[in-house]
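All chains, full assembly: derive it from the sequences and hints.
Given next are the chains, with one letter for each unit.
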Amino acid sequence: MNEGTKEELISQGAEGRVYRTQFQSKDAIVKERFSKKYRHPELDAKITRSRLNSEGRNIEKCRQLGLDSPAVFLVDKHNSRLYMEYIEGCTVKEHLRLVDTNSAEALDLALRIGKAIATLHDGNIIHGDLTTSNIMLRERDVQKIVMIDFGLSYISTSLEDRAVDLYVMERAFLSTHPNSEELFSSLLTGYVQQSKNGKGVSDRLNQVRARGRKKSMLG
Amino acid sequence: MPDQLDCICYTKGPGMGAPLLSVAIVARVLCQLWKLPLVGVNHCVGHIEMGRVVCNSKDPIILYVSGGNTQVIAYSMSRYRIFGETIDIAVGNMLDRFARVVGLSNDPSPGYNIEQLAKKGNKFVHLPYIVKGMDVSFSGLLSFIEKQKDVLKDTHTAADLCFSLQETVFSMLVEITERAMAHCNINEVLIVGGVGCNERLQEMMKIMVEERGGKLHHMDERYCIDNGCMIAYAGLLQFMNGFTTPVSESTVTQRFRTDEVLVNWRE
Ligand SMILES: Nc1ncnc2c1ncn2[C@@H]1O[C@H](COP(=O)(O)OP(=O)(O)OP(=O)(O)O)[C@@H](O)[C@H]1O
Ligand SMILES: [Mg+2]
Chain F
1 MNEGTKEELI SQGAEGRVYR TQFQSKDAIV KERFSKKYRH PELDAKITRS RLNSEGRNIE
61 KCRQLGLDSP AVFLVDKHNS RLYMEYIEGC TVKEHLRLVD TNSAEALDLA LRIGKAIATL
121 HDGNIIHGDL TTSNIMLRER DVQKIVMIDF GLSYISTSLE DRAVDLYVME RAFLSTHPNS
181 EELFSSLLTG YVQQSKNGKG VSDRLNQVRA RGRKKSMLG
Chain P
1 MPDQLDCICY TKGPGMGAPL LSVAIVARVL CQLWKLPLVG VNHCVGHIEM GRVVCNSKDP
61 IILYVSGGNT QVIAYSMSRY RIFGETIDIA VGNMLDRFAR VVGLSNDPSP GYNIEQLAKK
121 GNKFVHLPYI VKGMDVSFSG LLSFIEKQKD VLKDTHTAAD LCFSLQETVF SMLVEITERA
181 MAHCNINEVL IVGGVGCNER LQEMMKIMVE ERGGKLHHMD ERYCIDNGCM IAYAGLLQFM
241 NGFTTPVSES TVTQRFRTDE VLVNWRE
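So the protein sequences, as listed, match chains F and P. Position 5 of the first sequence, counting from 1, maps to 5 under full-length UniProt numbering, and the rest follow consecutively. Position 217 of the second sequence, counting from 1, maps to 217 under full-length UniProt numbering, and the rest follow consecutively.
Some clues are possibly wrong.
Just a few of them, taken from the derived set where beta-carbon distance is under 7 Å, the chain F residues facing chain P [to be verified]:
| # | residue |
| --- | --- |
| 1 | A14 |
| 2 | E32 |
| 3 | F34 |
| 4 | R39 |
| 5 | D129 |
Distance ranges between label pairs, derived from CB positions [as the list claims (entries may be wrong)]:
| # | chain 1 | residue 1 | chain 2 | residue 2 | range |
| --- | --- | --- | --- | --- | --- |
| 6 | P | T157 | F | S25 | 50 to 60 Å |
| 7 | F | K144 | P | N187 | 42 to 52 Å |
| 8 | P | F144 | F | G212 | 43 to 53 Å |
| 9 | F | A71 | P | R100 | 48 to 58 Å |
| 10 | F | D141 | P | P246 | 47 to 57 Å |
| 11 | F | F34 | P | M1 | 57 to 67 Å |
Quick caveat, the hints were computed from the structure, so don't treat them as lab data. Using N, Cα and C, we set each Cβ at its ideal position, and we do this for glycine too.
Structure representation (structure tokens):
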């Protein structure tokens, strides 16, 4: 399909490699998932297949909700490869390393990220791996939020799944960006403002957090 | 001999209330009797520091897996930060409860018996595999087995179930460890805690780490399980960096998060 095109490795993630390439003369990236030798072959095949499918499907759904996500060019099930639009810009993680995380601009970015997540949830998409590396800024512009990395995403209408999605993000966010509690609370404010059921989700989030704290930690 | 001691270290938490309290009382008595400073230590930090010194590991991703804990930890900005953890029950707790469902004995331990029986299984059955970012969840898996056990037992032996359980659960743990490695850009892994004794978990982790060109530190079983040395050693690091616990504050706490401790002995 894409033979002879040069592929340059841009990220070696946990499960896949992301290469920069061309697809029908458009700037593209290809995300290839490879089999994991530590995993039982049946389990491995199932996981690889289901994540490739969810990613292709839910990036499209995300775009239909009016959020920005890379255009999907091709899902190559045979080689577990997903070709998509190359986003010129940076990840939010990279951006936050360069700016003052308590600045008004950073707080506003977090607020708008919260709103984007609410829109995603209102469309019944649970992202499954919300981190600042999985949200990009097109042209490094803080107004242009792009959601990526939908490998762990799934469709759900449950309050619990929404709350856990935010809980997982909160924990990854605070460990990646220490002392940025204000930033995350701005994100939640944005979420509650935008969400169809902001109060319900935030109450549930408090329950999930309390469960986390109460969880036994014996030896 | 008391005159050869510099301080008394005790476990402040986390853990079960009664044993924590009785040790704290003895520690308080001794430190007043011998006029020595007291140092309260976090049990998890004890595991981590013991692992680092025994394995000579500078900056690892730590997978801490025991009866009460399932955490993926890395050092950053003066804390051991928890990047991933279980959002419900701990892996060791889940293994123990699974052993009861399939009727395994507690002697010498449920986890050990699962590991031995798993070696005789080979028919894989798909079980709920739940990874959320760098976190995992085991409660769905346990309730699936509880509900389906009679159906499963028609087609699979107890050995097959142990085998499938280990393959599924350890894959989840290896996956979140790998996610943390990619996220933090770290290439060493250290496994601590009782479940870390499991050889299949070690083997799977080794394959993953080697595929990334990294290093899995081999933890001696004697240090994987709880031991007093780790408390003494972590306490000493704290003591040498100016930390002591006044007797009036020498409480214990059943919940004491790893990231609450100021780690000022690392660069
Ligand atoms: N469409 C894109 N355009 C430009 N850069 C991208 C694009 N998609 C991903 N990247 C870059 O590659 C990195 C890794 O991509 P991604 O998050 O999709 O994979 P991953 O984290 O390895 O996946 P997974 O979590 O499913 O294993 C991103 O953090 C980002 O820097
Ligand atoms: Mg990613």
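Right, here's what the structure says about each hint:
Nearest Cβ of chain P to the Cβ of A14(F): about 4 Å, under the 7 Å cut. The hint holds. Annotation: interface hint on E32(F) violated; nearest CB of chain P at approximately 15 Å, more than 7 Å. Among the interface hints, the one on F34(F) is violated; its C-beta lies about 9 Å from the nearest C-beta in chain P, farther than the 7 Å criterion. At its closest, the beta carbon of R39(F) sits 5 Å from a beta carbon of chain P; the interface hint therefore holds under the 7 Å criterion.
Nearest Cβ of chain P to the Cβ of D129(F): about 4 Å, under the 7 Å cut. The hint holds. Between T157(P) and S25(F) the C-beta distance comes to about 56 Å, which sits within the given range of 50 to 60 Å. A hinted range of 42 to 52 Å is violated for the C-beta pair K144(F) and N187(P), which are about 33 Å apart. Look at F144(P) against G212(F): about 22 Å separates their beta carbons, and that is not inside 43 to 53 Å.
Range check, A71(F) to R100(P): Cβ separation about 51 Å, and the 48 to 58 Å hint holds. At about 53 Å, the beta-carbon gap between D141(F) and P246(P) stays in the expected band of 47 to 57 Å. Roughly 59 Å separates the CB atoms of F34(F) and M1(P), a value that falls within the hinted 57 to 67 Å.
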